[in-house]
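From first to last, the protein sequence lines are chains R and P. Note that the first sequence covers residues 22 to 310 in our numbering. Note that the second sequence covers residues 920 to 1335 in our numbering.
Treat the hints as calculated values from the structure; they're not laboratory data. Check the hints yourself; a few may be wrong.
Stated by the list, open to error - Listed below are several chain P residues computed to face chain R (Cβ distance under 7 Å; list not exhaustive):
1. V964
2. V965
3. V1121
4. Q1208
5. V1243
6. G1245
To be verified - To be clear about the criterion: a stretch of chain R counts as covered by chain P if any three or more of its residues have a C-beta under 8 Å from a C-beta of chain P, and this derived list gives those stretches:
7. 123–133
8. 217–225
9. 264–270
10. 273–284
All residues carry an ideal CB built from backbone N, CA and C; glycine is no exception.
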Amino acid sequence: MTARILLSCALVMMLAHLSAAQPELRFPAKVEAGTAFSVPTSSSGAATLYIVGPGDALERKVQPGEEISFGTDDLHNAGHYLAVLTSGSSSQVAQFDVIASHQPASLSFLAKPSRLPVNRENGISGVAYIFDIFGNLVMKPEDVAFQLAEATGGAQSRNAISHDGVAFVQMNSATKAGAAQFQAKLDSVHATRVVEQVPGDPCSIRMTAHPGAGQRVVLQTDPVRDCNGNPVPDGTIVSFTETYEGRVSTVDVPLKRGVAQTELPAENGALISAAAGVVLGNEIRWSGR
Amino acid sequence: MSADFLNTDPRNNDPRNNDPRDQDPRDVYSENADPGNAGRKYKGVVFGLILLVATLALVAVGTLWPNQEDSGVAEPNAKFIISASSPQDAVNNVLQQIARREWDSAYELLGNKSEFSETEFKSDLMGEYGSLRSYAMLNQFDLQPLHATADQAVVRAHLLWSSVVGTFEDSRDLRVVKNGRRWEVNWPIVKEVRVPPQVIPVNYLRWDVIYRGPEDDWGAQDVEAPHVRIVAMHPVDRAGEVILMGELLNEDVVPAFVTVKAALLDHNGAALGTEDAFDKISHVLLPKQVTPFRIDFHNVRMSQVDSVRMQPSSNLVPASADPVIGIESQKLNPLPDASLTGQLVNQSGQVVNVAHVIATFYDGGGQIVWVADQYPSRALLPGTPVPFQISLPADISNKAKTFRVVSTTYISSRIQ
Chain R
22 MTARILLSCA LVMMLAHLSA AQPELRFPAK VEAGTAFSVP TSSSGAATLY
72 IVGPGDALER KVQPGEEISF GTDDLHNAGH YLAVLTSGSS SQVAQFDVIA
122 SHQPASLSFL AKPSRLPVNR ENGISGVAYI FDIFGNLVMK PEDVAFQLAE
172 ATGGAQSRNA ISHDGVAFVQ MNSATKAGAA QFQAKLDSVH ATRVVEQVPG
222 DPCSIRMTAH PGAGQRVVLQ TDPVRDCNGN PVPDGTIVSF TETYEGRVST
272 VDVPLKRGVA QTELPAENGA LISAAAGVVL GNEIRWSGR
Chain P
920 MSADFLNTDP RNNDPRNNDP RDQDPRDVYS ENADPGNAGR KYKGVVFGLI
970 LLVATLALVA VGTLWPNQED SGVAEPNAKF IISASSPQDA VNNVLQQIAR
1020 REWDSAYELL GNKSEFSETE FKSDLMGEYG SLRSYAMLNQ FDLQPLHATA
1070 DQAVVRAHLL WSSVVGTFED SRDLRVVKNG RRWEVNWPIV KEVRVPPQVI
1120 PVNYLRWDVI YRGPEDDWGA QDVEAPHVRI VAMHPVDRAG EVILMGELLN
1170 EDVVPAFVTV KAALLDHNGA ALGTEDAFDK ISHVLLPKQV TPFRIDFHNV
1220 RMSQVDSVRM QPSSNLVPAS ADPVIGIESQ KLNPLPDASL TGQLVNQSGQ
1270 VVNVAHVIAT FYDGGGQIVW VADQYPSRAL LPGTPVPFQI SLPADISNKA
1320 KTFRVVSTTY ISSRIQ
């Protein structure tokens, strides 16, 4: 690698000395990556051709009057190239571009976030990078189709034209929780990501109380749901608080099968409340029944 | 040597008897041959005798009336046990043995050995189930005589234990009884509660995480870090240092390991100090759970601070929704011993080795005025209340109107 860099530097310095009056190699201005082509030469004696580009450096021996042929595997990294044909004390110089193949071969698809609450407008972003078979970014505009298929069967679709090899869309999260398949598609090439759409904050918490064993009161919530009707995931903490004559008892209980249940000391006249995060539920004044 | 110091016959000491003609010719080189030299010798012996008598007298005084100072430093290397001739001596002896973890020696010094076994005595002091006591050392103790008669006394012992999370105090009122000429301590045993053998079904949720692997495409998404939010923050200037207090909410549906880092900035935007909430925070937050946090900046004054930069961070971690800990009978106690007391009740089936209680105190307007914590020294057994007490500074106790308490648990089987 270091040798290539040194060779590139040496060739660039050589170029600086070459006069514009010297005959030029007739390379095509643009060459598609992975295509075969040939270049005629006009040297009178044996010569050497050097080609330097991004990630590539080639050396070819050229016989007088011979065409220089390049195969499909010779030049495949897109970018600006420099060719120098040296024969004795004379040199010929050419510059040309290798462009990405016109056929997209793969998509790198970034979908963010991988998890978000339901019903968020433009909450999901998808960015697709279009590459050819050699891993070159396909710079010409392409029409990329994005589709967000929800777990319930519904789908959102949007198309985006790529600019400089990148296509970008924003999607809304669905109102129903579940794992959505987020797909970017261009011709026969596609990439899929999973976006987990999770319930939002509890919309309301309703709690009931009934006497338990041994001077305890059993507290239980109704199934806790968000404002779109999705059941709040198990493990979500519901905080129960009982206040009685200046004493406070609290317990943080995770939802289990959609409900939270616990026991606190049964004190007649105690005020009992429930909350989850910043959402407050109902209050109960315990009267022993 | 002819000088006979045991000769008490006055005639032998009569100067008139010092007739040179009575002198034995063989004593020509004896001290008596030089009256001045013999006098010096006599004075030296008397001085030696005085020193001997004084030393013996001091030893006797020290033994009969030993130092009765009412505090002590537990000295693991101390070997000497003075005779328990006073209630304080007796208590001191027992506590010194406890400090050295010489359980059998301490137990032997007790007067009520018949009431409990040495194992129960050891469990009382060291705890069981890998609690904080199991790894604590008695570092210091203070003795306070409460009551004394000729044959019994009550001494309050304030025990200061050192542990990996700081010190904790234990106070015992020890009844000391005179047994013959010796005082003996009746240890107020606190027997560890035993949970009867049983099966407690537990089916709480557990989260496991599969992270992105090195072989995945760079575009493949990783699991999203939990979304957390600071819902309250209040800086205070206290004793010449800045203290940041606040609350952090896990607003996601997955558990989070959270930390809060803060930087104090001066008028030029330069950092005056950067700290994080090390142990004044509950690091693992379940969905919709809120933790208080407190960050202390030593050596920074509020007058220097222009702005504060807060950096809450979260990581998705495997976690379990159990155990559930009830925090019951929480009560704010007024001055002079301002504190928040309550008791922890383990509502799950697994033994909690070490619990951590963090309390947030609010003023009448709902503003956070203090965050404090405590590690109860005993393990939490299923359904067994364990008391806790969080001390409050006097000035804070006047402001604190409401409070909120959370607990964190450490279970040794989950620490790999």
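Verification of the hints:
1. Proximity of P/V964 to chain R is violated relative to the hint, the smallest CB-CB distance being about 78 Å (cut-off 7 Å).
2. At its closest, the beta carbon of P/V965 sits 77 Å from a beta carbon of chain R; the interface hint therefore is violated under the 7 Å criterion.
3. The interface hint given for P/V1121 is broken, as the beta carbon of that residue sits about 10 Å from the closest beta carbon of chain R, more than 7 Å.
4. Nearest Cβ of chain R to the Cβ of P/Q1208: about 4 Å, under the 7 Å cut. The hint holds.
5. A cut of 7 Å between beta carbons decides the hint on P/V1243: the least distance to chain R is about 6 Å, and the hint holds.
6. Below 7 Å, beta-carbon pairs count as interface contacts, and P/G1245 has one with chain R at about 4 Å; its hint therefore holds.
7. For the region 123–133 of chain R, the stated coverage by chain P holds: 5 residues have a C-beta nearer than 8 Å to a C-beta of that chain, and at least 3 were required.
8. Closer than 8 Å: that is the beta-carbon criterion, and the region 217–225 of chain R has 4 residues meeting it against chain P, so the requirement of 3 holds.
9. For the region 264–270 of chain R, the assignment as covered by chain P holds, since 4 residues bring a beta-carbon within under 8 Å of that chain's beta-carbons and 3 suffice.
10. A stretch counts as covered by a chain when three or more of its residues have a beta carbon under 8 Å from one of that chain; for the region 273–284 of chain R and chain P the count is 6, and the coverage holds.
Hints 1, 2 and 3 from the earlier list are contradicted by this structure; the remaining hints agree with it.
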